[in-house]
Amino acid sequence: MSYRIHVRVLPRTGLLDPQGQAVEHALTALGFAGAGNVHVGKAITLDLEAESREDALATATRMCDTLLANPVTEDYTLEVAG
Amino acid sequence: MSYRIHVRVLPRTGLLDPQGQAVEHALTALGFAGAGNVHVGKAITLDLEAESREDALATATRMCDTLLANPVTEDYTLEVAG
Amino acid sequence: MTGSGTTPRAESFPGERPVTPEVVREHNLNQREYEAIVAMLGREPTLTELGVFSALWSEHCSYKHSKPILKTFPVTGDQVVQGPGENAGVLRLPDGWAVAFKVESHNHPSAVEPYQGAATGVGGILRDVFTMGARPVAVLNSLRLGPLEEPRNRYLFGGIVRGVGDYGNCVGVPTLGGEVYFSPGYRGNPLVNAMCVGLLRESDLATARAHGVGNILLTVGARTGRDGIHGASFASEELSAASEARRPQVQVGDPFTEKLLLEASLELITSGQIVAIQDMGAAGLTSSSAEMAARGGVGVLLDTSLVPTREPGMTPYEILLSESQERMLVVAEPARVAAIQTICAKWELSATPVGHVTDDGLFRVVHDGLLVVAIPGGDLVDACPIYHPEAVEGAEAIARRSRVPSIKAPDLTAALEQLLDAPSLASKRWVFEQYDSTVRASTAQGPGGDGGVVAVPGTAFGVAMTIDCNSRYVALDPYEGGKATVAEAARNIACTGALPLGITDCLNFGNPEKPEVFFQFREACRGIADACRAFDTPVTGGNVSFYNENPTGAIDPTPTVGMVGLLADLSHQVSSHFKAAGDAIAILGTSTGHLGGSSYWAEVLDAFCGAPPPVDLDAELRLQQFLVAAAQGGLLRSAHDLSDGGLAGALAECCIGGPYADQTLGAKVTLTGHADQVGGEGLLFGEDHGRALVSFLPGAAAQLAQLAAEHGVPWFPAGVVGAVDGTLHLTSPSLDLRWETPRLRQIYMDAIPRRMRQVAPSGLEQ
Amino acid sequence: MLDVAVIRFPGSNCDEDALRAAEGAGAAARFVWHREASLGGADAVILPGGFSYGDYLRSGAIARFSPVMAAVRDHAAAGGPVLGICNGFQVLCECGLLPGALIRNAGLAFQSRPVDVRVETTATPFTSAYQAGQVLRLPVAHGDGRYVASTEVVAQLAAEGRILLRYVRGGMPDAPANPNGSLDDIAGVINAAGNVAGMMPHPERVVDPRFGRPDGAGFFASLAAWAPTPA
Ligand SMILES: Nc1ncnc2c1ncn2[C@@H]1O[C@H](COP(=O)(O)OP(=O)(O)O)[C@@H](O)[C@H]1O
Ligand SMILES: [Mg+2]
Numbered sequence: 001m002s003y004r005i006h007v008r009v010l011p012r013t014g015l016l017d018p019q020g021q022a023v024e025h026a027l028t029a030l031g032f033a034g035a036g037n038v039h040v041g042k043a044i045t046l047d048l049e050a051e052s053r054e055d056a057l058a059t060a061t062r063m064c065d066t067l068l069a070n071p072v073t074e075d076y077t078l079e080v081a082g
Numbered sequence: 001m002s003y004r005i006h007v008r009v010l011p012r013t014g015l016l017d018p019q020g021q022a023v024e025h026a027l028t029a030l031g032f033a034g035a036g037n038v039h040v041g042k043a044i045t046l047d048l049e050a051e052s053r054e055d056a057l058a059t060a061t062r063m064c065d066t067l068l069a070n071p072v073t074e075d076y077t078l079e080v081a082g
Numbered sequence: 001m002t003g004s005g006t007t008p009r010a011e012s013f014p015g016e017r018p019v020t021p022e023v024v025r026e027h028n029l030n031q032r033e034y035e036a037i038v039a040m041l042g043r044e045p046t047l048t049e050l051g052v053f054s055a056l057w058s059e060h061c062s063y064k065h066s067k068p069i070l071k072t073f074p075v076t077g078d079q080v081v082q083g084p085g086e087n088a089g090v091l092r093l094p095d096g097w098a099v100a101f102k103v104e105s106h107n108h109p110s111a112v113e114p115y116q117g118a119a120t121g122v123g124g125i126l127r128d129v130f131t132m133g134a135r136p137v138a139v140l141n142s143l144r145l146g147p148l149e150e151p152r153n154r155y156l157f158g159g160i161v162r163g164v165g166d167y168g169n170c171v172g173v174p175t176l177g178g179e180v181y182f183s184p185g186y187r188g189n190p191l192v193n194a195m196c197v198g199l200l201r202e203s204d205l206a207t208a209r210a211h212g213v214g215n216i217l218l219t220v221g222a223r224t225g226r227d228g229i230h231g232a233s234f235a236s237e238e239l240s241a242a243s244e245a246r247r248p249q250v251q252v253g254d255p256f257t258e259k260l261l262l263e264a265s266l267e268l269i270t271s272g273q274i275v276a277i278q279d280m281g282a283a284g285l286t287s288s289s290a291e292m293a294a295r296g297g298v299g300v301l302l303d304t305s306l307v308p309t310r311e312p313g314m315t316p317y318e319i320l321l322s323e324s325q326e327r328m329l330v331v332a333e334p335a336r337v338a339a340i341q342t343i344c345a346k347w348e349l350s351a352t353p354v355g356h357v358t359d360d361g362l363f364r365v366v367h368d369g370l371l372v373v374a375i376p377g378g379d380l381v382d383a384c385p386i387y388h389p390e391a392v393e394g395a396e397a398i399a400r401r402s403r404v405p406s407i408k409a410p411d412l413t414a415a416l417e418q419l420l421d422a423p424s425l426a427s428k429r430w431v432f433e434q435y436d437s438t439v440r441a442s443t444a445q446g447p448g449g450d451g452g453v454v455a456v457p458g459t460a461f462g463v464a465m466t467i468d469c470n471s472r473y474v475a476l477d478p479y480e481g482g483k484a485t486v487a488e489a490a491r492n493i494a495c496t497g498a499l500p501l502g503i504t505d506c507l508n509f510g511n512p513e514k515p516e517v518f519f520q521f522r523e524a525c526r527g528i529a530d531a532c533r534a535f536d537t538p539v540t541g542g543n544v545s546f547y548n549e550n551p552t553g554a555i556d557p558t559p560t561v562g563m564v565g566l567l568a569d570l571s572h573q574v575s576s577h578f579k580a581a582g583d584a585i586a587i588l589g590t591s592t593g594h595l596g597g598s599s600y601w602a603e604v605l606d607a608f609c610g611a612p613p614p615v616d617l618d619a620e621l622r623l624q625q626f627l628v629a630a631a632q633g634g635l636l637r638s639a640h641d642l643s644d645g646g647l648a649g650a651l652a653e654c655c656i657g658g659p660y661a662d663q664t665l666g667a668k669v670t671l672t673g674h675a676d677q678v679g680g681e682g683l684l685f686g687e688d689h690g691r692a693l694v695s696f697l698p699g700a701a702a703q704l705a706q707l708a709a710e711h712g713v714p715w716f717p718a719g720v721v722g723a724v725d726g727t728l729h730l731t732s733p734s735l736d737l738r739w740e741t742p743r744l745r746q747i748y749m750d751a752i753p754r755r756m757r758q759v760a761p762s763g764l765e766q
Numbered sequence: 001m002l003d004v005a006v007i008r009f010p011g012s013n014c015d016e017d018a019l020r021a022a023e024g025a026g027a028a029a030r031f032v033w034h035r036e037a038s039l040g041g042a043d044a045v046i047l048p049g050g051f052s053y054g055d056y057l058r059s060g061a062i063a064r065f066s067p068v069m070a071a072v073r074d075h076a077a078a079g080g081p082v083l084g085i086c087n088g089f090q091v092l093c094e095c096g097l098l099p100g101a102l103i104r105n106a107g108l109a110f111q112s113r114p115v116d117v118r119v120e121t122t123a124t125p126f127t128s129a130y131q132a133g134q135v136l137r138l139p140v141a142h143g144d145g146r147y148v149a150s151t152e153v154v155a156q157l158a159a160e161g162r163i164l165l166r167y168v169r170g171g172m173p174d175a176p177a178n179p180n181g182s183l184d185d186i187a188g189v190i191n192a193a194g195n196v197a198g199m200m201p202h203p204e205r206v207v208d209p210r211f212g213r214p215d216g217a218g219f220f221a222s223l224a225a226w227a228p229t230p231a
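Chains as they are written, first to last, in the working numbering: chain A, 1 to 82; chain B, 1 to 82; chain C, 1 to 766; chain D, 1 to 231.
Since the hints were derived computationally from the structure, they do not count as laboratory data. Please note that the accuracy of each hint is not assured.
[Said to hold, decoys possible] Using C-beta positions, here's what the derived DEER-type ranges look like:
(1) C:Lys67 x B:Gly31: 56 to 62 Å
(2) C:Ala709 x D:Gly212: 32 to 38 Å
(3) B:Pro71 x D:Ala159: 49 to 55 Å
(4) C:Val724 x D:Ala227: 40 to 46 Å
(5) D:Gly96 x A:Arg53: 29 to 35 Å
We treat Cβ as the ideally placed atom computed from N, Cα and C, and that holds for glycine.
Using the sequences provided together with the hints, build the complete structure.
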């Protein structure tokens, strides 16, 4: 089975996120009044061949831990779609 | 009401995605055999004050069209959470 | 025409549209051109063939409006190793070294997508240089945008600078200079001209001349995608709603692959394994293979089904016209293919045979066994109709030339501050701080002075370089403006102590079919040619970019000139800022207070008008020779040419110091006796050519005055460099002005950053 | 003569500069391609600057998996000196030979300019030729140079004298002293064993006196003079 994986990698909470701040500032300057708590990170999508959804999740988790996210500075969330 | 918005911005299909290629290549080299069609883009999350879920979606869409995504090279998907 | 009526019949590729008059128009070919094609083939072309013609007969590839004018450039000289016609020009240096250099535009792609447009512009020019067997050692860039007060221009500027930087930084080539101007004439059509300078051993010179029947053509590097199909013809029409609809898919740059391609190409060239090499630039595989074949007087047979593609189902039309980046075409003997593949594999690149050299002179393409293109190769490249458009000076230009400002002169102290705050004149530190300028550890002078200087490894000498154009002068008087552009470039080179050697040019103009535009083009080229002849700086190549128009008309005519020079002894290089209190200051040349076309009128009095200052080529040459001699004698502490902003602008820059100076320096300048008949405004801000500002140890004064006299250069001792963080104090019979130099520095350094701190949206709502 | 291996990753672009600087200091330097499994008995290793693997995903993230990195680890474990410059520093952090991480500059833009840095410790194979507290002017050229680590790690680095270089306010009044927002103005760090160091500035670019003060030469002179302490 092929699964579509979506990974969202964001700066660890508490670490400064200047990119998020810059976007928040720009949004405000452009008149988007209600936006706050903006964070900017990386989105990674990929197709993964796996036996099952659980397998896909396990493999994707290993990918994140080995390569896709930096454990010192980043947190990730994973989503396995059809 | 405050809504949590997740935006995923990815290189438009068909455009060269050197970053996606590099990650795919690295994953393969690391022995993650089943990974393909890898793309890397930006993840943006923010809180948005809005009257309703529809309003939040409409505002977030305008944010993407104006600032968050490059209309010439990127596509985005939006998700409005609680 | 050869081949008329004898060309083999090519087949339509399955699913291809028939060639109708509508389709021909879409391909930007006119009736006359289409008839020439039919006559050449003795039949109607297939759609794929039409695509091939539209690329090679586009303005960008065929030079159909510019060729007769370009032929008037001086192209010879003892220093010329390779003149126009190859991927880059090459000039001789001492000790068996040579310098390859070239400038190219990426204007339309940058208008659409500033980041990728600018990045791929840098990628393309790097490939032009390493294709010659030269290692790129420096890049420069010339940028023109509409005013920074408008968000769209800030967005474009930010994206372009990031794109230029990210690409060059990643490949590892330092940016040693450039220029940036802002003017309403570039609204909607920014200019991005990128220049590359490379070094090679003259004996390693490579060419793009295919020969040897049976030799193999290989594509090296990135896979072919649907990027930028028809980029060459897109660059050859005006930006409009219609062109927008035909806009090719954006080309995305991959500087990492470029770096690998650079190393692999240089290794292929020095290994002796290849016959010829050419990058796939505009019109991709089509122009690279057809031009290589035409140069060698041979034919080629390509099989597009062998070309590695990024997406399945690409047609021969798409494969032939794709402008995917980071690809090279190589010609080699069949026995060498394996060795070539080994070299490429080491750099993680593939090299794929896609065709061979033939003896029939035809440009043929098969796809899955079907012959889809068969065109006489020489005619394909050379037989495009050539046009001699009408040239008439525009009434508007004539009127502007005789106009004078309507606003009264403000307080002159404030005027200098206003001038230094104008983004076109202010420090470009915000820009070049984003460009690696020290990688390769050979930067003798980086951005922020008159010219960049790079050391040649293992020798005592260096190469100086600059890129310049004062488009306001060209707009107001194209002939004098053309001369002025070369003169300023040469002055910049000479100020570093280097001898000007030759130029490359990037001729950015509007639609040449408009008589007033063609007039600008013809006259500016005449000016460039005359100046190059006078200075013995031949034209070694360049690029023409027409159709730079937007809804309000043509851009300001912008014939950018890139120049290189030889700095014989690096230990005698001179930089442009004052060095220490107590040094003496002198002005070289004659000041008449010429204000027509000046930055002062344009930026302070909001008056883009007047006749620009005329250039005395003889006096310029003498000034250059004096500067080189004085530098070689080790007599100068600093030298800065007088250009935009005149004497006051130059003095301010010399006091303000380099981009990361520890402090500013004051100066006490007395002009009494220099040009007493000239009024205060003209004295401060006039832009007479042939002038420079130098500083030196007081003990060298007599020797310098003597040297100036020998060169017939007017020499005027003007004062002394003052204290750290001191005052610039300037007097003349009619002036007594003071500026605090730390304040001038603050204005000059912050002019661009303070504007760029305002938000610039990327998207549709602008 | 000290045998220095300069590692070349695809995308390294300061490799030649580092090699020349090491040679200029009297070492014997040579390139080692990233696919090699061995360092061929080198005494010291330099991981040069550049954009290994295009710096795609994160700077240094992909290079750390290159075959040669196993040999570099072994060399480091055996006490051999390893110096990472710019991208080399990023690789060393990514692979855990040095603590912390280098993230996007606080100003979000690439920074190419001279900075002033203070030598915080001279008791290393890389800085022994300098005086403690000496201020050097070196170029930086990076987009991802902001050093971050947990508060505890930063405190520990400071307490153990493992901060190699700090950005300081020197003579350039209108440029920020710290070009990237690094915590505690950290421009370079060294590991607990004192043999693996990383720094963002580029000393190899300022060793030729013809172009200005050769403030970077001391790093290579220190390395060339280094000798293993007999076991
Ligand atoms: N786009 C750019 N990229 C790199 N350097 C630039 C750029 N624009 C300007 N510079 C540098 O800033 C300095 C001043 O430029 P400019 O005002 O055009 O000087 P000049 O009038 O002496 O030619 C030069 O050293 C130039 O190389
Ligand atoms: Mg200039």
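Each hint tested on the structure:
1. C:Lys67 x B:Gly31: 56 to 62 Å: Roughly 57 Å apart at Cβ, these two residues keep to the hinted range, so it holds.
2. C:Ala709 x D:Gly212: 32 to 38 Å: holds, 34 Å
3. B:Pro71 x D:Ala159: 49 to 55 Å: Given a distance of about 51 Å, which is inside 49 to 55 Å, the answer is holds.
4. C:Val724 x D:Ala227: 40 to 46 Å: At 45 Å between Cβs, range holds.
5. D:Gly96 x A:Arg53: 29 to 35 Å: holds, 32 Å
When each numbered hint is compared with the structure, no violation occurs for any of them.
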